[in-house]
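Peer 1: From first to last, the protein sequence lines are chains A and B.
Under our numbering, the first sequence has 77 at position 77, and the numbering climbs by one with no breaks.
Under our numbering, the second sequence has 65 at position 65, and the numbering climbs by one with no breaks.
Hint data in this document are derived by calculation from the structure and do not stem from the laboratory.
Mixed in with the good hints, there may be bad ones.
Said to hold, decoys possible - Heads up, simulated SDA-like pairs for lysine to any residue below, C-alpha to C-alpha not over 20 Å straight-line:
| id | chain 1 | residue 1 | chain 2 | residue 2 |
| --- | --- | --- | --- | --- |
| 1 | B | K2 | B | K107 |
| 2 | B | K57 | A | I141 |
| 3 | A | K89 | B | L66 |
| 4 | B | K30 | A | E135 |
| 5 | B | K29 | A | E129 |
| 6 | B | K57 | A | E95 |
| 7 | A | K89 | B | L67 |
| 8 | B | K61 | A | E129 |
| 9 | B | K30 | A | N139 |
Keep in mind the model is a prediction, meaning the values are calculated, not measured.
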Amino acid sequence: MKNKILEEFDSIILDSSQIKYLDDAIDEAELLNQFHIRAFVNGNEREYLFYEVLEVTQRTRPKTESTTNNKLILVENNDWIDKYVQKRKGSYSIEIKDFSLFKHYIFYIRDYEFNILAEGYNTINKFFEIFRKYESMKNLIR
Amino acid sequence: MKAEAVFPFLTEESKMYRSKTVEYYHVSKKALTILDVYDKNQEKSLVLGIIFHDVKKLNQKLKTQLLYDEFGIDQDDPMFECLYSIRNEKNTQTFLLSLGDNVAIIKAESVELVTEGVYAVG
Numbered sequence: 001m002k003n004k005i006l007e008e009f010d011s012i013i014l015d016s017s018q019i020k021y022l023d024d025a026i027d028e029a030e031l032l033n034q035f036h037i038r039a040f041v042n043g044n045e046r047e048y049l050f051y052e053v054l055e056v057t058q059r060t061r062p063k064t065e066s067t068t069n070n071k072l073i074l075v076e077n078n079d080w081i082d083k084y085v086q087k088r089k090g091s092y093s094i095e096i097k098d099f100s101l102f103k104h105y106i107f108y109i110r111d112y113e114f115n116i117l118a119e120g121y122n123t124i125n126k127f128f129e130i131f132r133k134y135e136s137m138k139n140l141i142r
Numbered sequence: 001m002k003a004e005a006v007f008p009f010l011t012e013e014s015k016m017y018r019s020k021t022v023e024y025y026h027v028s029k030k031a032l033t034i035l036d037v038y039d040k041n042q043e044k045s046l047v048l049g050i051i052f053h054d055v056k057k058l059n060q061k062l063k064t065q066l067l068y069d070e071f072g073i074d075q076d077d078p079m080f081e082c083l084y085s086i087r088n089e090k091n092t093q094t095f096l097l098s099l100g101d102n103v104a105i106i107k108a109e110s111v112e113l114v115t116e117g118v119y120a121v122g
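Bound-form chain B, shown alone:
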């Protein structure tokens, strides 16, 4: 099993100060994160919302060789830029979101991109 980029046309913008937030909501079982990205298809920068549906697990872990091996990622990989995923059992995927030397691991049913009504906060 090998994790692959969910949106290969997106790269994260580099900034002096970065912060990322992943928020999970009990009532809807959704999680939300907001990213500053560059869209290679549209050739422009975007503020992007990523919504995870039916979240089962939400972990934050250190990037280690163990983790790279588990998800079949090369160490030369630009540290899971943007969002990676691996399909496990039916109806669930494990998503990997880079957070500096850590990674957020989100087990959810699906993911949705939103560009309307989202702001670069958090």
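Only chain A is shown next, with the shape it has when bound in the complex:
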């Protein structure tokens, strides 16, 4: 698999991940999902916000696989998007004009492997909380 390393990390710990689905009947541009990864990078909060997300997989890698290299990479082939376009045929879906805008990212954080098919991502140096803003909900997920 050909790919490009976007970021490598000496110290990274996953805090949380988030699938966010938006369905706004008024603004069709808002129909696609978001995927967030929150991690402590060298002890500091960093949130990765992937936007216009088509598909995501999150799994824990078996111990036998190398779990030492923490990195975010961009896969430089179209295998996943080609497969995705094929699968979409005949299914009810919102229209997408240009599939070439989407990219395949892989994020390795210790035991975790995330595969993300999205248009792009931004980062912020602070966690954007939704559920954990509330003390009662924070207690539920402890």
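Start from chain A and add chain B according to the hints.
Peer 2: This is chain B only, laid out in the frame that chain A set:
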């Protein structure tokens, strides 16, 4: 194998603007989502928290015929309303949560309903 509704007495409320969030936490291996539902047993609307315990996988995929076939769901089905599950290996279930034309697929040990202290956010 056929996926079935986990809580057949719940239906999702329809709203003009909808958003759903599924959040996974590394420390506890739990995932949480909040839904606006109508409870047919209690005959009232509720804000409901669903907690997934010991999450192994969390995917977001497009609803396709392939997926319907895999989970034994009819295409006339109201798009996996609320939460569906299928039991696979011992101690794990695969949960399906509808997200518009996508679905969240959550492989976890069990699921728990919470109505106290949850708010319609996210």
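Peer 1: Please go over all the hints and tell whether each is borne out by the structure.
Peer 2: Taking the hints in turn, this is what the structure says about them:
no.	hint	in the structure
1	B:K2 with B:K107	holds (15 Å)
2	B:K57 with A:I141	holds (17 Å)
3	A:K89 with B:L66	holds (11 Å)
4	B:K30 with A:E135	holds (16 Å)
5	B:K29 with A:E129	holds (18 Å)
6	B:K57 with A:E95	violated (28 Å)
7	A:K89 with B:L67	holds (13 Å)
8	B:K61 with A:E129	violated (24 Å)
9	B:K30 with A:N139	holds (12 Å)
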